[in-house]
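2 protein chains.
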Amino acid sequence: MDLTKLFHPRSVALIGASAEQNKLSGRPVRYFREFGYAGRLYPINPKYQEIAGLPCYAKLSDVPGEVDLAVITLPASAVPQALAACGAKGVKAAAIISSGFAEVGGEGVELQEQLQRVASEYGIAVCGPNCSGFVYVPEKVTASFSVGLHGGFPQAGPAAFVSQSGALSSYILGAARERGLGFRYWITTGNECVLSFTDYLQYLLEDSEVRLVLGYLEDARDGAAFQAIARRALALDKPLIIMKTGRSEAGAKASVSHTGSLAGADEVYQAVFTQNGVLRAESLDELFDLAIIAQAARRPTGKRVQVVSISGAAGILMADVGAEAGLEFADLTDATKEALRKIMPPFASIANPMDVTAEAVARPELLRQAAEVIVKDPNVDNLVVFYGIVPGAHEKLAKDMAQVAASTDKLVMVTWFPLPEPEIWQGLAQAGVPVFAEPARAIQALGKMVRFVEARNRFFSRQPDATRKDNLVVGSEVERIIAQAKNHNRKVLTEVEAKRLFKACGLAAPRGGLARSAAEARLLAAEIACPVALKAASPDLPHKSEAGVIRLNLSSPAEVERAFDDIVAQVKRWDSAARLDGILVEEMIVGDTREVIVGARQDLRFGPVVTFGLGGIFVEAIRDFSVWPAPLTIDEAREMIRQIRGHRILTAFRGRPAADLDAVAKALCQLGEIAAQWREQISEIEINPLFVLPEGLGVIVGDALAVLK
Amino acid sequence: MDLTKLFHPRSVALIGASAEQNKLSGRPVRYFREFGYAGRLYPINPKYQEIAGLPCYAKLSDVPGEVDLAVITLPASAVPQALAACGAKGVKAAAIISSGFAEVGGEGVELQEQLQRVASEYGIAVCGPNCSGFVYVPEKVTASFSVGLHGGFPQAGPAAFVSQSGALSSYILGAARERGLGFRYWITTGNECVLSFTDYLQYLLEDSEVRLVLGYLEDARDGAAFQAIARRALALDKPLIIMKTGRSEAGAKASVSHTGSLAGADEVYQAVFTQNGVLRAESLDELFDLAIIAQAARRPTGKRVQVVSISGAAGILMADVGAEAGLEFADLTDATKEALRKIMPPFASIANPMDVTAEAVARPELLRQAAEVIVKDPNVDNLVVFYGIVPGAHEKLAKDMAQVAASTDKLVMVTWFPLPEPEIWQGLAQAGVPVFAEPARAIQALGKMVRFVEARNRFFSRQPDATRKDNLVVGSEVERIIAQAKNHNRKVLTEVEAKRLFKACGLAAPRGGLARSAAEARLLAAEIACPVALKAASPDLPHKSEAGVIRLNLSSPAEVERAFDDIVAQVKRWDSAARLDGILVEEMIVGDTREVIVGARQDLRFGPVVTFGLGGIFVEAIRDFSVWPAPLTIDEAREMIRQIRGHRILTAFRGRPAADLDAVAKALCQLGEIAAQWREQISEIEINPLFVLPEGLGVIVGDALAVLK
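Going down the list, the protein sequences come from chains A and B. Just so we're aligned, residue 2 is where the first sequence starts under our numbering, counting upward by one. Just so we're aligned, residue 2 is where the second sequence starts under our numbering, counting upward by one.
If we strip away everything but chain A, and leave its shape as in the complex, we get (with noise of 0.2 Å):
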């Protein structure tokens, strides 16, 4: 959808419009004039000759020449036909503020449906319905009542914000001023009847002027676009900063548009952030102190740091909250330690992070010339610098730094605390140094800042094409099973089925076979000759360790016949009606062997998405597990295992060998692959216990689940 007419309206009608200045309704008339838009302005209604020095219209068709622009403040009731008569008049574009729609149900839902007809015959963009409208700042179009606009237009930027709130997104761009961020565009979305979120990052992406984009994001409703546009975010190198909230059951709740289930959905955003580089703020701070480190010119060339500070324990407090960031507290070398000593004081601690010691109150250029230095040293990637009160010197110390930046290609930026006067440390922000004013803010928004360059750097060097290649999977097994059993109506496949289906796509499964009889049985097991496992193969008990159909380490051909027996007596205890295909016989898995648990399955939002955790009751009372959106690369698998807080008992450790991690990665990327393929057709695959062999050996399929759409 074109949103030139949106933002670029060459003429502006206000519906609506009221001579009441103060009021919703005359409040964006009243910014228009006020902040000096230089298009024709158009004021729409009957109850007015002439509101602000403009000649008010009674009706839209009134207007002499042609309308870019629609701004509805009417009643709910009054906009479809207001919006339609912007269709007849060739408007394209429209910001309805009124509230009153779906919002409310009822009548509400029914003029929102009325408004999509009209949007869709007329082909016009519409902001809204129920927001604070929008304001684009180069040519002062502020289709908005916003209380933000209250205190001054916003200050010119980079920035761009979309936001699913109203109130809260006028109080940011109140806050902004004071924060040094400047906008470009600042976009309310309502109730997205035609324009959704995701619309609006995908054109702000591409407007070259636009260095970063902030959101706030209750529900992204088209994962999928969301997906593609925050990798498209990533390519342009132009961070993508979501506060995305409703993660508690007390916020979900409170979050109207929130249909996705609640458990499990904050993993997926937060894995699909992940993958994509999105820097997610958890607080209004973090939104800034992140859009501050995003709308430099520079970017981490990696995690290690170096922190020069005025404060022992500034630097102290920075190398901590910098460890639990993921920043390195590299060594410098010799050479610029030996360069250090000539410069600093005898009694500062040439380390990192690094005290200048209260010797820098009485000369200050010796930051200057410490950063100097430490900008040329090779294990450098970034500097972090601590200022605080130095009477009579804030100005020298903001051009010393500026002009340290300046020398070097390296990310330099300086927290200040308390901040001196605004010219000073704007001045220097202008410079390109990023200024904070709490180190322990500044050093986790550089942490948050070292993942996006990482995300990006792996975007960059994804080859997906030659993972997927691998994992493409024998097609017409898979469609097979599905449809065999379709026919049968059932929505859960048997084990057998299930494995079968891994098996098709390249996971080992363990020797074995279904028995009918006892007898049936003890041959499977003679066949198999080591101990062997039974267990009831029934489409009607999906969970066999509680149904207690299950018999382990069956070595002699008596056992294997009493086993059978049992299983076949306990199902009909557990449950009369039960079906029965048979009981599988199968080898038990010897050795040396941990117990995983992966996992896909179909997201709401984002479709399908893989987990993994560690076997046995772990995953569940300690709720260690991963998520990852799928298709994922095998790099990706690998980050997935890393993640779970258990992952050193996969490694070598305590005597036992490693795991064979690389298998387990080709299963995640397999199951990825099986539930992005079939997403249409599988809502839930699940291993566990998938058998993991030491390295180099493998995994097994132990036990297999697998539901149907």
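Just so you know, these hints were derived from the structure itself, not from any lab. Careful, some of the hints might be misleading.
Pairs involving identical chains hold if they fit within one copy or between any two copies, as the list cannot separate such chains.
Distance condition first, Cα-Cα at most 20 Å in a straight line; then the derived EDC-like pairs of lysine to aspartate or glutamate [said to hold, decoys possible]:
hint, residue 1, residue 2
1, Lys-377, Asp-335
2, Lys-239, Glu-111
3, Lys-239, Glu-685
4, Lys-24, Glu-51
5, Lys-90, Asp-625
6, Lys-6, Glu-140
7, Lys-667, Glu-250
8, Lys-545, Glu-596
9, Lys-400, Glu-422
10, Lys-492, Glu-283
11, Lys-60, Asp-3
12, Lys-304, Asp-410
Values in this document were obtained by computation on a predicted structure and should not be read as measured data.
Following the hints, complete the assembly by docking chain B onto the known chain A.
Quick look at chain B alone, frame taken from chain A:
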């Protein structure tokens, strides 16, 4: 030590004072003059006749009257003599600002020892050396050169601040003004050659005008004193808010005073903080946030919070953060809901968080009306209100909420984003309503304050005597075991000895005994009459699994005899020099048991601490364990058990009965008691595994380790 003369001097000598007002040595005299100290001032410096209009004396003995406090800014080498002169003159308090002492090593260490001797000889209370001095606000005692005073005198308030950092503390002083935090004391401790961090805390808590104490801490040095002070702070309801740094490797290296072992040191600090309700600030922002909520006259009466917001999104953000901070978002009663429905616009959601909607801009009184109803609801412990930009109504909003707060005993807090004009929000704060600029931070501060109140309640309900009497152990037997090992010059007890020790404390051990021959082993096994385990009993093999000298689940006499011989051979192979006391024959613990690890050790700073974790490799691989200072109450032991992530594994879970956690808690108390009573003899004890039987059936010592000092 009496600190009266330090903080309430009637006369001050400024030894080494300079007439150059911006020099370190010129600033104290300038600050005393500028801010209006009412006592007598005597600059001492042979170079001047007069400084800032005051007669300057060549030496201290020339001063005609008595001197209560000396502020010394001389070069390090001249300080011991100057302090001796103070002693001779009868000066009982000194702030030594000069640096060049222990922090520089070498000669500095010697100089500091001289200071200590002089101070001790004359009984002088010394602040420093190598510090930024201190300020006592009510009497305008500015014994400091801090640049934090450059911008003006600190606002007076109920907070005391004590810091092991100089520079950062100055910046905190400078930043406090704009954050609305007022001080009564501001103290930097420096090298603590006489007065330590804990000495100041102890003094400050007893000042009835001090209502909260803030600290920057790198090393508590006297852990026992710190714990006693933390408990005193709880008793007095004076929150102790501490920023403790140095937990990362880089941070610990940079922290000069950090002498404790890094591993585990921070966990122990955290445990001491948790036990005693010390509020830990993770950033400078949080230090201020916690101070703001702590200085309020009200405390949370529970963890249930109702959020009322002018922005839906801000409400959701607060619910997300609050849930993670342990707060509860309870439902309002039906009566309250009905009352609110009459007040609120039809579209407002009467929920928690509650969104008053944009209607609040047109009718700001809605927020007060809603709040008045809500604070009366029995399901609400605390009310958090989110305000934004409401043009023209800020003064009214502030007054309204001050009025609501005055009508209730519950804690009422406001988050105002962005903050309105300072007069407005500071007025609200002065009316007893904590005001925060950021919703996530406000909620986090509330969450921590709830934990302070909980710790306080625990403190008052603690009946240490009753619990400790239960845990009192048969000392004579323990002492006999320790003495015996010492006689043999052994630091590590044998398993047999360690088990006897735990048995003496009332812990059950498996049946069995020490066999010195295969035949003896067979006899013992026959006596036990169930499957047995055999293990080498050797003082030289503390890690038996690794050495391969354990055999489990032996049921026949032949197996037992074979295992005996096997183990003897394996001991020889593993370590031919290892002494072998015999082979331990013990019953196998069968049934539905879980394995946990319980232990106790002597922490360098805080003395005896108890640790708890799941058995197996999980404690190490997942680092899932808890630590608590000993001795501990049964409730604290239960809390320790709940603290681990894998706690659910020990409860009734997936069809298994709950483990006997009361018995585990009791064992933790007992270990704590042993470590506390024999802190001079025992360095470490551990039971790994401790077998936990189902509820009511107790625990059994699996393997036991005890290391003497």
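Each hint tested on the structure:
| no. | hint | verdict |
| --- | --- | --- |
| 1 | Lys-377 with Asp-335 | within (13 Å within a copy, 67 Å between copies) |
| 2 | Lys-239 with Glu-111 | neither (39 Å within a copy, 58 Å between copies) |
| 3 | Lys-239 with Glu-685 | neither (35 Å within a copy, 55 Å between copies) |
| 4 | Lys-24 with Glu-51 | within (16 Å within a copy, 67 Å between copies) |
| 5 | Lys-90 with Asp-625 | neither (59 Å within a copy, 68 Å between copies) |
| 6 | Lys-6 with Glu-140 | within (12 Å within a copy, 67 Å between copies) |
| 7 | Lys-667 with Glu-250 | neither (35 Å within a copy, 36 Å between copies) |
| 8 | Lys-545 with Glu-596 | within (17 Å within a copy, 26 Å between copies) |
| 9 | Lys-400 with Glu-422 | within (14 Å within a copy, 31 Å between copies) |
| 10 | Lys-492 with Glu-283 | neither (40 Å within a copy, 51 Å between copies) |
| 11 | Lys-60 with Asp-3 | neither (26 Å within a copy, 85 Å between copies) |
| 12 | Lys-304 with Asp-410 | within (15 Å within a copy, 50 Å between copies) |
Of the hints listed earlier, those the structure fails to meet are numbers 2, 3, 5, 7, 10 and 11, in rising order.
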